[in-house]
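Student: Listed below are the residues making up each chain.
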Amino acid sequence: MKSASTLSSAFLQSAGQALPEPLLALRANRASALTDLLLPTRKTENWKYSAKHLKLTDEMASSLPLSASAGAAADIQGYTVVLVNGVVRPEASNYPALEGLSIQRFSDLNGDDAELAADLLGKSISDQPAKHGSINLSLLNAARFEDGLLIQLQPGTVLDQPLFVIHHTSASHSGSAFPCILVAAGSNSQLTLVEDYVSSGESPVMVNTATEFSLGDGANITSVRLNTEGQNVQHMGTTGVRQQRNSRFASHSVGFGGTLRRHDLHVRLEGEGAECKLNGVVVTQGTQHYDNHTTIEHIAAHCNSEETYRNIAADKSHAIFNGRIHIHQDAQKSNANMSNKNLLLTNGAEIDTKPELEIYADDVKCAHGATIGQLDNESIFYLVSRGLSPRDAKVLLTMAFINELVAQIPVEQVRDTANTGLNHFFDQAFQEV
Amino acid sequence: MLSIKNLHASVEGKQILKGINLEIKAGEVHAIMGPNGSGKSTLSQVLAGNETFEVTEGEVTLNGDNLLELPTEERAREGVFLAFQYPVEIPGVSNLQFLRTAVNAMRKHQGKDDMNAAEFMKLAKEVSKQVDLDPAFLKRGVNEGFSGGEKKRNEIMQALLLQPKLAILDETDSGLDIDALKVVSDGVNALRAPDRAILMITHYQRLLDYIVPDYVHVLVDGKIIKSGGRELALELEAKGYGWLGVNDEATASH
Chain A
1 MKSASTLSSA FLQSAGQALP EPLLALRANR ASALTDLLLP TRKTENWKYS
51 AKHLKLTDEM ASSLPLSASA GAAADIQGYT VVLVNGVVRP EASNYPALEG
101 LSIQRFSDLN GDDAELAADL LGKSISDQPA KHGSINLSLL NAARFEDGLL
151 IQLQPGTVLD QPLFVIHHTS ASHSGSAFPC ILVAAGSNSQ LTLVEDYVSS
201 GESPVMVNTA TEFSLGDGAN ITSVRLNTEG QNVQHMGTTG VRQQRNSRFA
251 SHSVGFGGTL RRHDLHVRLE GEGAECKLNG VVVTQGTQHY DNHTTIEHIA
301 AHCNSEETYR NIAADKSHAI FNGRIHIHQD AQKSNANMSN KNLLLTNGAE
351 IDTKPELEIY ADDVKCAHGA TIGQLDNESI FYLVSRGLSP RDAKVLLTMA
401 FINELVAQIP VEQVRDTANT GLNHFFDQAF QEV
Chain B
1001 MLSIKNLHAS VEGKQILKGI NLEIKAGEVH AIMGPNGSGK STLSQVLAGN
1051 ETFEVTEGEV TLNGDNLLEL PTEERAREGV FLAFQYPVEI PGVSNLQFLR
1101 TAVNAMRKHQ GKDDMNAAEF MKLAKEVSKQ VDLDPAFLKR GVNEGFSGGE
1151 KKRNEIMQAL LLQPKLAILD ETDSGLDIDA LKVVSDGVNA LRAPDRAILM
1201 ITHYQRLLDY IVPDYVHVLV DGKIIKSGGR ELALELEAKG YGWLGVNDEA
1251 TASH
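From first to last, the protein sequence lines stand for chains A and B.
The first sequence begins at 1 in my numbering and counts up by one.
The second sequence begins at 1001 in my numbering and counts up by one.
Pulled out of the complex, with its shape left as it was, chain B reads as follows (with noise of 0.2 Å):
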């Protein structure tokens, strides 16, 4: 489904990402995993089209079809979901009307007819109390005053309601408790469908035990330097990056 081929990216003259290849199936979810400055959410924001980040070099592909060469909105239309590490705060539009025109952008792209307001009510309720979030946040500002937690729900809500083919998860777990966590996976497995690929940014292991990855990569400084299944992540956990070769200091603060 995803083919990232020999990826470089800059921001500022600065080159960040040297050469990244992953190729990602449909139903697979796959891991990414890295120090901070590793260069995992300029991956992400490169893959949903910021434009903040140059591509300098190499391809990516969403089903054979060139990613680069779409604008953000299209890549969102065509099926890419990034669940943002930091959600903006919009004050003044509602998350009801805000998620409402998401979905209708994007069934108009798939030549569905609008949903209308009832319809679209019923459907974001439900989706709502899957992600444990009371449905008065729906009234509110986009992510208006919301806790970090809540941000994070917000965002997999979204991907609930959106329903991509690739899904890129940046780190999601991070500023969540034990009970948010076991939220958000709920929902993040909830998504695990056979046409629909997964990819998680996380800095830590934790959010591999309840979202079990089929694959496990490590990037460090721009590059992926080791592959592998659940048990690399295990295996990080336990000896850190400098196992790998890899200055820990970033991580050790942690």
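If we strip away everything but chain A, and leave its shape as in the complex, we get (with noise of 0.2 Å):
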């Protein structure tokens, strides 16, 4: 049996010196702290059913160029910043200098900025050590970033239209792109922040991101994230969430492109009276391979959260969801609702799904449920019997699944892209025969 091996040294050679000390600093400590660590195997828990699909070749450890163009822009409502393979381009972004925002690329941060940036990206790294003794992949992108966003809201500052982050990935050669947002939202301020991850080119690369989200007391905050890179792009992506008192949060991520894609999503509700609320569709075909894993950690007391995730499997493709509640003692009221359903298309398919709960405090609600179906043939019989093609069956039965999930997305433009996405993935599931 082949040994583990360790992450290539080639991986933690950074590029780009144009960022402020602090920044540089901490990504040098990073880099330094990730050398020599094993890759994850599937011994690794926490990477049991992905590791083996994990390819990181040498020529993936370079950084993508940064020359590559940005692309047409997206006929996009609302304000944009364009990121191109981990960096910042301005002249493609668009969004007004509005009262009380302020969108900055790392390069351009000095002095309390990029203190506050330094300590936004090492606080979510702090919290999540190397696991298991083997390297913790969604760290490496502190190790390696170049670029990034520094959004901060000042007290009481509302934006009007959601806010879109492109992340476009130009994979004309193999490589590897590492973009960085940092949210630091204002008490009582109110924003809609979109990831949209694509790509373009055929080269094997990986995308790894850090987005970070900070929301001060009475903050509101949704985040919504939307995949649809290509075939041969391996995405792991976290997203860390701080949530001060009476905050809120919500997440939409919406996944459809990409060979591997790993996500993880941490939310620590310190404050007492914070709420979130996570809402994941995953549709995966072909020989895709899909692991969301979510913590939601209860610090203080009176905290609600709501997750509901869906994975449709279909061919021959593997999805994963692992869901951790971690309620910490003096979390006392706390509120807890997780709900997984699985929905397996073929036989061919899997579908893992773990519910963790790990409870300290005696006076908590805490409800998880976790199911793995089929469509069910007596359905598809009732409605073929009334004219409807079993394709156009299976189609509803299959969207009765995720319907309220994609309803509830509360950006218009990425619902269609959804919707849009799920046709596709129907085509190629419910060919007719």
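None of the hints are false.
BS3-like, lysine-lysine: derived pairs with alpha carbons at most 25 Å apart:
| id | chain 1 | residue 1 | chain 2 | residue 2 |
| --- | --- | --- | --- | --- |
| 1 | A | Lys333 | A | Lys365 |
| 2 | A | Lys341 | A | Lys365 |
| 3 | B | Lys1122 | B | Lys1112 |
| 4 | A | Lys316 | A | Lys341 |
| 5 | B | Lys1108 | A | Lys394 |
| 6 | B | Lys1125 | B | Lys1112 |
| 7 | A | Lys394 | B | Lys1151 |
| 8 | A | Lys341 | B | Lys1139 |
| 9 | A | Lys394 | B | Lys1139 |
| 10 | A | Lys277 | A | Lys341 |
| 11 | A | Lys316 | A | Lys354 |
| 12 | A | Lys354 | A | Lys52 |
Far from chain A, some chain B residues (derived; all Cβ distances over 12 Å):
| id | residue |
| --- | --- |
| 13 | Lys1005 |
| 14 | Asn1006 |
| 15 | Glu1012 |
| 16 | Gly1027 |
| 17 | Gly1037 |
| 18 | Glu1057 |
| 19 | Glu1059 |
| 20 | Phe1120 |
| 21 | Asp1134 |
| 22 | Ile1224 |
| 23 | Gly1229 |
| 24 | Leu1234 |
| 25 | Gly1245 |
Simulated from the structure, these hints should not be mistaken for laboratory data.
Backbone N, C-alpha and C fix where the C-beta goes; we use that ideal spot for every residue, glycine too.
Reconstruct the complex from the two isolated chains, following the hints.
Tutor: Below you can see the structure in the form of structure tokens.
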């Protein structure tokens, strides 16, 4: 048997020096901390199902070129910032100067802002040490980022339109991109942030993302994450959320593209009365492999969390959901709900689901449920006996499974993209024979 | 319109239908009665195209076309409608969306344009009143949380919307109280038309007080053993299936 390999040192060579000192220091620190760590194997619990799909060749270690074009700007109803291969492209971005809103690229940060960025990124890392003796790949971003965005909302600032951050990966040849987004939301501020991951080109590439939200008292943040990258993309992302008193965080994640996708979402309810709602829709087909890990930490009392993930797997694809709820000792009167339902469309597909509950407080409400099923033949016959084609019947029944989650996505354009992606998925999955 | 000749069908190797012969002309209403387990529901499922049942012998034609060669959805588009004995609950699919998709599938087959949402809503509201269903049901999941009577009324509502050539009603009367039975019967009577055939499958004579059939057939052990007019049902009611030399155990329990 092959012995566990280490992360090639080529992956820890950072490029791009145009960063302020605190971020450079943080990055160098992370790179040295990750040196010689083992790559995860199937024995690594939190990479159990995905490790064998991980393909990190030395060609992939180098950063993708910065010179790639930004591509045609999509017609977007909202404010936009475009990153190409992890680097901000101001010329392709479009947002007005609004009072209370500051959007800065890392290379432009100085003084307090640079310290704030390093602090936000550093905090997110300190919560997630390398586990089980192997490298937590989601931390690679902090050792490699070359640019990023610091978005700050002053107290009370409300954005009237969603802010789209378009992450374009240009895969003309092998390499990696390390986009990084930091959001510091002041008290009672409000923002809908859409992270849209797209790609062009055919070469095998890795996209390794970090997104960090810090919500002040009463802040209201909605995060939408849309993946439509090509089949050549390995996507590994991590999202960290810290919530202060009475803040609200909603996450809507919809994923289609990519060969291996891994997303770690970690929410910390640190202030009383904080609430989070995490929705996820995952469809996989072909030989795709999608691994979602979520953690909700109830740290303060009187917080609510509600999590709803739906996986649909076709062909020989594999979807994984690992949802952890951790209720700390002082988090009395916590209310946590987690639901994960799964639909297998073929015999060759695989779905693994694992709810994990750790409860140390004695006065809490915590419910979880996970199911795995198939489309019901009686229901299909009923619909087909009314003249619907078998395809339409299956689409109706499959959509019934995720309708509610798609409808809750608060940005029309993302809903449309999601529906287009789903139709494409159905065309592949339910081909008429 | 419908011609069934020597129809044999089995499920999981067990022979259920053992040579059914039946001719139904346009405009006629036929009732098939019989004890439990005689093959009544199997006949309706086979006609609708349920692949759980295997046709082992015989032929079925609808207006001369071989029905058994057509997949379920094409039978439906050609005008075969089955009102299910046990309509399926489909949470998450709204009744309205389902009905509109079905009506538009039919219209497409007939070379007509799709009905838009507003047009369809208007039509659906009218028809729902005809079967005394609150239009609020349209927004709920298909049959989701419906009572038995509401499910049956929803089946008749679908028949009224889809305007089939051949409507097969599988124990549409079962589980209905007398008021609901009247509503459902009114709906079925509204379906009666010179260019439409109706095949009612029932266990009880009482439905036939409200929907008067032209012919009554008695199905026992996979075969039609007696056919007659309306009076045959009354005779059955009075004398039971034992009168026909049939073990009446199954019916006696009701």
